[in-house]
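Heads up: the protein sequence lines correspond to chains A and B, in order.
Using my numbering, the first residue of the first sequence is number 26, and each one after it goes up by one.
Using my numbering, the first residue of the second sequence is number 27, and each one after it goes up by one.
Just so you know, these hints were derived from the structure itself, not from any lab.
Glycine included, C-beta positions come from ideal geometry on N, C-alpha and C.
There may be inaccurate statements among the hints.
Said to hold, decoys possible - Quick look at which bits of chain B chain A covers, simulated, 3 or more residues with Cβ under 8 Å:
id : region
1  : 64 to 76
2  : 214 to 221
3  : 240 to 251
4  : 267 to 275
Unchecked claim - Sample of chain B residues facing chain A (criterion: CB under 10 Å; computed from the structure):
id : residue
5  : 46
6  : 181
7  : 182
8  : 208
To be verified - Facing chain B, a subset of chain A residues (Cβ under 7 Å, in silico):
id : residue
9  : 100
10 : 153
11 : 155
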Amino acid sequence: MTDDRAPLATLTTRELRVDFPLRGGAASAVRGVSLSVGVHECLGIVGESGSGKTQLFMAVMGLLPGAARATGSALFQGGEILGLAPNRLNRIRGSKLTMVFQDPMTSLAPHLKIGVQLAEVLVHHRGLSWRDAERAAFKALDRVRIPDPQRRLKQYPHELSGGMRQRVMIGMSLLCDPALVIADEPTSALDVTVQARILELLRELRAEAGMSIVLISHDLAVVASLADRIAVMYAGRVVESAPSAELLRGPRHPYSALLMQCVPDLRRPQTDRMPFLPGQAPGAADPERGCAFAPRCPRATQRCLHERPALEEVRVSAEVACHHPLA
Amino acid sequence: MSSSIGMSDALLDVRGLGVDFRGVRVLGEVSLQIRAGETLGLVGESGSGKSTLARAILRLIRPSRGQVLWRGRDLLRCDAATLRAQRRDLQIVFQDPVASLNPRMTVGGALAEPLCIFEPHLVAVGRLTRMTRMLERVGLADSMLSRYPHELSGGQCQRVAIARAMMLHPKLLICDEAVSSLDVLIQGQIVNLLGDLQREFGTALLFISHNLAVVRHISHRVAVIHNGDLIETASCDALFSAPTHPYTRALLDAVLIPVPVPAPDPISDLPGPGPV
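Based on the sequences and whatever the hints tell you, model everything.
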């Protein structure tokens, strides 16, 4: 990538779809998502399970299962990466484009020492000698504030706590100075105290390294703690996106508002029942008619059932897809 | 009931329960009581011994010391047949709803199993009635009976796991991080469901979670566990408004504040053009 005209965004997707062929039809996990992640920006993606948030970025990473078909476009630093041949994609992912998964135990190889797994990345992507790579691995652990890195390098994943393993994963994702780190529920498997420390670490590393981050979570509180901008996904589409502070202060889409009310909050007075959203999101195999959220929406009208609202700009860099947005 | 001192109303009376793994002390000497129909919340970080305690109570692992008095009888010292008979009243729901269901068994099969074991006299029609009634109770359609776990969402699997645990109307239900792997939107539903089932069947709950907001919501009393020891047990209100132990305070401080201004409006108050 030449730098004479710097790209506006690190990642831009256009009408990205993910379809799984089924007997007599198809299931659509992602139904046309256009979004962009700016340089140094942290974009939060919020949605319940099945909303397509993970599949969207699995498509970007070229990690969809064999049967799935990704269509549309995904530009990474200006170059198309959707449908790129694996050997060309492998030059990018793991180095410039990395991903941190929810479960650090299953993303680390159980039979290899931490040091080997970290060094391997640099040997492969940077052509470093093992000796140099291991020195860099030491630095990587130090960077993610793991105490006594020398000892940790010689340990196996099972000897580390969950929080420690997630630190290793984050350290690994940063080895080759990535332009974009996609973190998919990085703290969902961790305790509150550990979660707070991992988010703090991500915040610090972002200030130090200046990479872009996509932070995917079903937990609005997690996303809100780090993201500059939040995109809310529902049934395979983005229904609202706005700068974090704006979205949290005044969500426009009823779904975003309901999502916020369902986040347990210790400051709120105790109620008899926990707030929840009745009904179920439509499945990937369900045909789309009108607004996907209409059957669960307290503001829905006849129109919502028949006419799908387009994602429209309501303010600068704030978009919402709703016929009856909140004021 | 023999020598329970002042705790004769306790359904479960755990005394000095401890677990060592290969000489490593995982659980110190934990004592707690749960009364019939009550919810005791148990909070603590991973590795603190929450799940070990749950498993030790059910004798899924062998404790190294202490007593588990279940309605006055020590579960750790009774024979296999007695233990088995008591287990119908002691059920557990685990964190991972998909992994806790047998992938080769339909929902119907999973729900029928406890009935086949503990109520073998029940005829097929009676069994089916009980199963569909419980499914309905947890908010699932009876068409679910022929489905396999992989066809269901995480929330649906957890409902099935709860339905199975509740099939025999147990006196104590242990929920080991039962809502932790679910979305926030579904967490509330499952927590409300557990509360409803508790009221309906008078089931006591041992609700283990690291999610403090959820624990506060469902619990009457809360116990805090740290490094294998109970460090504080208090009524829910007292613990959240005036925690005495520094660790409890640290735990409360670590809770993320999601929204700049709390939005207390109940969902029904959302203004709108009205339902369809």
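Next on the checklist: Quick check on residue 182 of chain B please, does its C-beta sit within 10 Å of some C-beta on chain A?
Outcome noted: Residue 182 of chain B check passes; min Cβ-Cβ to chain A is 9 Å, inside 10 Å.
Next on the checklist: Given residue 181 of chain B as an interface hint, is its Cβ closer than 10 Å to any Cβ of chain A?
Outcome noted: 8 Å, holds
Checklist entry - Given residue 153 of chain A as an interface hint, is the shortest Cβ-Cβ distance to chain B below 7 Å? => result 35 Å, violated
Next on the checklist: Can you confirm whether chain A covers the region 267 to 275 of chain B, using C-beta to C-beta distances below 8 Å and requiring at least three such residues?
Outcome noted: Three-residue rule not met by the region 267 to 275 of chain B, so violated; n is 0.
Item to check | Interface hint compliance - residue 155 of chain A to chain B, C-beta minimum distance less than 7 Å | outcome: The hint is violated - residue 155 of chain A has no Cβ within 7 Å of chain B, the shortest such distance being about 33 Å.
Checklist entry - For the hint on residue 100 of chain A, does the least C-beta distance to chain B fall short of 7 Å? => result 30 Å, violated
Checklist entry - Is the interface hint for residue 208 of chain B satisfied, with its Cβ closer than 10 Å to some Cβ of chain A? => result 8 Å, holds
Next on the checklist: Is the listed coverage of the region 240 to 251 of chain B by chain A valid when you require three or more residues with a beta carbon under 8 Å from a beta carbon of that chain?
Outcome noted: It holds: at least three residues are needed, and the region 240 to 251 of chain B offers 3 whose Cβ sits within less than 8 Å of chain A.
Item to check | Claimed coverage, the region 214 to 221 of chain B by chain A - three or more beta carbons nearer than 8 Å | outcome: holds (count 5)
Checklist entry - Is the interface hint for residue 46 of chain B satisfied, with its Cβ closer than 10 Å to some Cβ of chain A? => result 20 Å, violated
Checklist entry - Would you say the region 64 to 76 of chain B counts as covered by chain A, given the rule of at least 3 residues with C-beta under 8 Å? => result holds (count 3)
The structure is inconsistent with the numbered hints 4, 5, 9, 10, 11, although it conforms to all the rest.
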